[in-house]
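**Student:** Each chain is listed here by its residues.
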Amino acid sequence: MVRISNLLSGAGRLVGPRLQRTYLAPVLFPRSWLRRVLVLVAVVVAIAAPFFASEYLLAIAIAVGIGLLGAVPTNLLIGVAGQASVGNAAFMAIGAFASAETTLYWNWPLIASILAGGAAAGIVGVVVGIPAMRVRGLYLVVTTLALHYVAIYVLTVYQTNRVGVGGFILPLVEFGPLNTQQSSYYMVLVGAVIFMIVMRNLLRTRFGRAWTAIARDEIAAGVLGVRVNRQKVTVFGLSSVMIGIQGALFGYYLGVVTIDPFTFALAVSFVAMIVIGGIGSTFGTFIGALFVVGLPYAVTTVAGFLPANIAAELTSSLSNFEVLLYGAAIVLFLILEPRGLVFLWQRLTAAVASWPLGRSREQG
Amino acid sequence: MNLDQLFATIVSAAPLAGLYVVIGLGWVVLFRATKILNFATGQFLMVGAYLFWVAEANLHLPFVVALVATLVAVGLLGAFVHIALMRPLAGQKGFGPVILTFGIATIIDSLVHVIFGGNTDSVSIPLPNVSVSITHTAAFTSGDLLVMGLAVVLLSATGLIVRYSRWGIQMRAAAEDSLLASQSGINIDRVFMLGWAFTLVVLTVIGIAWASLTVLTPDLENIGLNGLAPVIVGGMDSIAGVLPGAIVVALAENISALYFGESVRTAAVMVVVLVAIAIRPRGLFGSRSVTRV
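Same order as they appear, the protein sequences are chains F and W. So for the first sequence, the numbering used here puts the first residue at 161; every next one is plus one. So for the second sequence, the numbering used here puts the first residue at 10; every next one is plus one.
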């Protein structure tokens, strides 16, 4: 006997016993005082950051935000629906190129060109996703892998013929009195907040439940009335759209769109984010993005305290060390803590929130 | 673009097909033994070639000793990968092991970059200098013959081993139903360990051969993903299917390179993959069950 409660049992977070009157309630009014303080601080810091943070810190924040924009759809696809994919870099590139094309040559306004990036990536995603989703198993990984190399080749040819190696130079984005970097920051912040809310709320809808069920067991989900193929293509298409939007925002942030940053290693880094942060968890997505994107900056900072010769060695091959570290992090988290950093975080906050009662239980 | 050129392109696809046969074997054997698509295939191939280079060029071992030492080392590495990395994930459904192989690929890639740098080195193996000409424009060098010979030998050897050897039979039983197999006394761990060891040995052999024909750089790993294409065309669990798959992919790659330039190579291979998945996802010779894993 397969019951829907069995299918969803692993997703206690999603259908927990706590009753909420509105969807925003758990976000705005968390139960524990610790969370309330943290959420308040986070909101204030996030909004005010451009006015007190250094340019360096703000650049890190934007990079984390862009990482988060890609990690959220990746987590919807891989974490929630259980469909492994490595198409991030390809869809980002498609989104960035489509928004560059529409803004430079079709004179579309900012928002429209960003959405065009999402639409282009979404169309490619659905076209490629339909054959791959007919069959179960690992075909989506193979398909997205193949798509990556095909898309990069096609876009390289397109870039060469359209603008040459220099790439598309995008117009500067400046909202009112803000400078370019501050404007980018707010653009990414708004995008990231929307994406996080979309993910959180989708998990509660019939779509989210269908995807969770598919991840658990496709046959059982089908028996329960989930249109498995359609739902798989839907989640793949949706994640493609979101990654396309991310690529467009990434392009606007860089100011120049070329094919160079969209490597296969970039695609894998988004998978790393969700594995490290916490598969299927919204907050975990954030922690994972922070971890993977922040890693090179952390390595640079640590290198500053090391003896000069070691530091020189470290920074000379920084990109390799950084890749090595997150590769090691993928392996270690999968083996030792598949629930990711978010689980460690939850244990920590639970212990703090229930102090001093929780501590004795932890010790006992 | 004359016929001679086209013919030479087709002939030159043969050693490429030989390369893809062996890499494809690396994917298929591991998939049959463990149900894992190993996306670190190219990285293992590359690291095997580097180990051989260390043994031969740095430690100055004679060719045969260096080769045997390398193969033993990668065999042990394979067993280690199963015991230390894959075994803890046993029983997890879905993509965990696959993502793990991406992690392993990342680690090997960056380690090799850190240790050996991105430089180009050369691997030398003692080969008689022969050349077989097919037409006045097309000829096989001794290196081409080596790769094609390796492909034939490894393909038939693998086929025979999987069909007749004790390990091969146990592997097929485990692939059918690992729980039932273990209940009837098959040591599943040993089967998986041997699967990894065998795969890495095969990959290292072709890695050394290919590095000796071209150059040894960390970029050697890139042919690993191309080697997935013949497997998708031929069928993920079909050893025999690797051969027609490799021929199709090598021909498609070489002919596209002739018409669209060298930079199209990887993209052409990947187009073959996309088409194969759209038309016949289980491959030419794959069993129906593959699409249900």
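Derived by calculation from the structure, the hints in this document are not laboratory data. Check each hint, because a few of them may be wrong.
[Stated by the list, open to error] Residues from chain F that keep clear of chain W, each with C-beta distances beyond 12 Å, as calculated:
| id | residue |
| --- | --- |
| 1 | L194 |
| 2 | V197 |
| 3 | G242 |
| 4 | P269 |
| 5 | V288 |
| 6 | V310 |
| 7 | G336 |
| 8 | F424 |
| 9 | A427 |
| 10 | V435 |
| 11 | S477 |
| 12 | F493 |
| 13 | L508 |
[What the hints assert, rightly or not] Listed next, the stretches of chain F that the computed footprint assigns to chain W, with coverage defined by at least 3 CB atoms under 8 Å from CB atoms of chain W:
| id | stretch |
| --- | --- |
| 14 | 226–235 |
| 15 | 298–308 |
[Unchecked claim] Ranges between beta-carbon positions, derived for each pair:
| id | chain 1 | residue 1 | chain 2 | residue 2 | range |
| --- | --- | --- | --- | --- | --- |
| 16 | W | F125 | F | W505 | 53 to 61 Å |
| 17 | F | N469 | W | F125 | 36 to 44 Å |
| 18 | F | T320 | W | G158 | 34 to 42 Å |
| 19 | W | L169 | F | W505 | 52 to 60 Å |
| 20 | F | V459 | W | S131 | 39 to 47 Å |
| 21 | W | L169 | F | L414 | 25 to 33 Å |
| 22 | W | I92 | F | I290 | 39 to 47 Å |
| 23 | F | A468 | W | L188 | 35 to 43 Å |
| 24 | W | L169 | F | L478 | 42 to 50 Å |
Computed from a predicted structure; not experimentally measured. Quick reminder that beta carbons are idealized off the backbone N, C-alpha and C, glycines included.
**Student:** Would you mind marking each hint as holding or not holding in the structure?
**Tutor:** Against the structure, the hints:
Distance check on L194(F): its Cβ is at least 32 Å (rounded) from any Cβ of chain W, clearing the 12 Å threshold; non-interface status holds. The claim that V197(F) is not at the interface with chain W holds, since no C-beta of that chain comes within 12 Å of its own (minimum 35 Å). Annotated as non-interface, G242(F) brings its C-beta within 12 Å of a C-beta of chain W; the closest such distance is 6 Å. For P269(F), the condition that its CB be more than 12 Å from all CB atoms of chain W holds, with the nearest at approximately 33 Å.
Not every Cβ of chain W is farther than 12 Å from the Cβ of V288(F); the closest lies at roughly 7 Å, contradicting the non-interface assignment. Its beta-carbon lying about 5 Å from the closest one in chain W, V310(F) breaks the requirement of being farther than 12 Å from that chain. The claim that G336(F) lies off the interface holds: its Cβ sits roughly 42 Å from the closest Cβ of chain W, which is beyond the 12 Å cut-off. For F424(F), the shortest C-beta to C-beta distance to chain W comes to about 8 Å, within the 12 Å cut-off, and the non-interface label is violated.
For A427(F), the non-interface assignment is contradicted: its Cβ lies about 9 Å from the closest Cβ of chain W, within the 12 Å cut-off. A Cβ of chain W approaches the Cβ of V435(F) within 12 Å, the least distance being about 6 Å, so the stated non-interface status is violated. Not every CB of chain W is more than 12 Å from the CB of S477(F) (nearest about 6 Å), against its label as outside the interface. Separation of F493(F) from chain W is inadequate, the least Cβ-Cβ distance of about 9 Å not exceeding the 12 Å criterion.
At roughly 24 Å, the least C-beta separation between L508(F) and chain W is larger than 12 Å, which holds for a residue marked as non-interface. Note: the stretch 226–235 of chain F has 0 residues with beta-carbon separation from chain W under 8 Å; the three-residue rule is not met and the coverage is violated. Given as covered by chain W, the stretch 298–308 of chain F passes the check, having 9 residues with a CB less than 8 Å from a CB of that chain where 3 are the minimum. Look at F125(W) against W505(F): about 38 Å separates their beta carbons, and that is not inside 53 to 61 Å.
N469(F) and F125(W) have their C-beta atoms about 20 Å apart, which leaves the hinted 36 to 44 Å range violated. At about 40 Å, the CB distance of T320(F) to G158(W) agrees with the hint of 34 to 42 Å. Distance hint for L169(W) and W505(F): a CB-CB separation of about 53 Å, consistent with the stated range 52 to 60 Å. Hint check: V459(F) to S131(W), Cβ distance near 33 Å, so the stated range 39 to 47 Å is violated.
A hinted range of 25 to 33 Å is violated for the C-beta pair L169(W) and L414(F), which are about 55 Å apart. Taking the beta carbon of each, I92(W) and I290(F) are about 40 Å apart, inside 39 to 47 Å as hinted. Checked against the hint of 35 to 43 Å, the C-beta distance between A468(F) and L188(W) comes to roughly 57 Å, which is inconsistent with it. For L169(W) paired with L478(F), a C-beta distance near 49 Å keeps the hint of 42 to 50 Å intact.
Hint compliance for this structure: hints 3, 5, 6, 8, 9, 10, 11, 12, 14, 16, 17, 20, 21, 23 are broken, all remaining hints hold.
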